[in-house]
Amino acid sequence: MADASLRVKNLSKSFGGLKAVQDVSLEVAHGSLTALIGPNGAGKTTLFALMSGFLTPDSGSVFFGGGDITGRAPHLNARLGMTRTFQIVQPFATQTVRQNIAVGTHLHLQGRHAALHDAERIAEQVGLSAQIDKLASSLTVAGRKRLELARALAARPRLLLLDEVLAGLNPQEIAEMIPVVRGIAQGGVTVLMIEHVMQAVMNLAEHVWVLAQGRLIAQGSPLEVTSNEKVIEAYLGHGTAARLRAAELGRLAP
Amino acid sequence: MTGAAKDLAGIFLFALATAGIAQFTDSGVTLNFVMMALYAALLAQAWNILGGFGGQFSFGHALFFGTGAYIQAMAQLHGGVNPWLALLLAVAGAATIGMAVGALSFRYGLKGSYFALVTLAFAEVFRILALSVPFTGAGVGLMLPLGESFANMQFGSRKGYLYLVLGLVTVALLITCWLKHSRFGAYLQAVRDNEDAARAVGVNPFSIKLGAICLSSALMGAGGAFYVQVFQYIDPAIAFGPGTSVEALVAAIVGGIGTLWGPVLGAVVLHVLADVTRNLFGQLPGINMVIYGVVLVVIVMFLPRGIGGLAATARSLWNKPGRTDRTGVGRG
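So the protein lines, in turn, are chains A and B. First residue of the first sequence? That's 11 in this note's numbering, and the numbers climb one at a time after it. First residue of the second sequence? That's 5 in this note's numbering, and the numbers climb one at a time after it.
Since the hints were derived computationally from the structure, they do not count as laboratory data. Where is the CB? At the ideal position from N, CA and C, for every residue including glycine. Just to be clear, a hint being listed does not mean it is correct.
To be verified - Quick look at which bits of chain A chain B covers, simulated, 3 or more residues with Cβ under 8 Å:
(1) 108–117
(2) 213–219
To be verified - Some chain B residues judged to face chain A by a derived CB distance under 7 Å, without partners named:
(3) GLN158
(4) SER186
(5) ALA194
Construct the entire structure; sequences and hints are all you get.
Rendered as structure tokens:
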């Protein structure tokens, strides 16, 4: 499979006075499963939008598979092999699950019959086979998340950007979804996922980037970043790391 | 492809049955009714391609109707062009105007009521232009000289016109059938339902919507050309006035937008209704528009998927009391 690495260099984007993404540089290695984490409002979704072409950066560049794709329209990026899902699910509500997925399979299949047929394979992959001829609007939250994933997969991506596919799911649904995501990565798709569910990040990701207030503050293996003081403070507030350390010491020394 | 085969069979039967009515009836009233209902179905189906399948609600489809009508008249009067050839020119001209308006509107991402207002404004601009320049005959309009012959596209009885418009409606139905069962149609409905989601999987909304407005305006232009041949007269108010725009969209919405048969059903229902009101109220001017307005409000409130979606709406009401699907777009 062709190179599906993603590289972002000095990317910045402001909305009026709000600097949503500031001077972010990161890399997603070909064939890896990488996570992007950070507190609410850190700019993760904005960064996704900048990478996939839904937003144009104020400065900086995006490279996909070695080529510069900065500011290229999302549909062209999808044709190059980069697709994304949305944090707030975006189903084609008046259409069935099969028709929804077929919009994705059509990218590589011209014929209607072939596209609708190929949708079955994708539905099976994400566990939507039983609902395939139901209306997308009739699905539960978990079902819609799966549909979001299915439609992106249907476009046969080399690089898949997953924006919180586990948000809003209960623990059992999360446990069911984790193997699906792992299966996609093992199938040879490079995955970059935004995720708040740390159970999934620890379980799945090989490498983690941490974004806070628009800036990258840490990177490394899941264990490395979760013990990083900057990361703990970004999530739990200034001074927390010191207090946690003191508490830990207090427990160790009787 | 059983779905597509079924739809094609339906279109074939519809064309055959309608031709049968025409063949075995000599009643002028019946023939006139069928012809006018088919003509309304043509306009409604044209609107449905952009409004129903594409979700772009135009309030100025008269722009394309009028363009087709004027080209049909002017090509014959000023250019001496054969009316059959003029019909092709009218279709091409209307599609070109459609493409220009679409390129301007969709390039700047106009949607919803903004798109509706822009189309209305373009239609009004053309109405005023047609009133002002000499080659459209200004306010007096253009009149085609009488000359009954097949080559002249002027027929002795309503039957000839009926077959002509039946042919055009069949073409419109075939295009709609193609939309239902093709990648282009799937992309068009995806863009209607959620533009960003469609972009994420490789759909270019601009080119898809542009294609839809071209098809839609081409059929509307054919409607305008047909009008000129039947009535042998066109003036700016008929060509570009809001009446035609309203008729096209009301028939489509009443019947059920985004469906193959909805616009045909809507056109027939509205024409029955118009005939009934004419008998009740006589020729009170504008009464049919009042009725159309009332019907439109009732349909939008209680039957968002139109009369064609009545069965499905009833089912969903039965299953989920108090919860209706108000997305306003039908399936399939």
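>> Let me make sure I understand: some of the numbered hints might not hold for this structure. Which ones are they, in numerical order?
In response: The structure conflicts with hints 2, 3, although it agrees with all the remaining ones.
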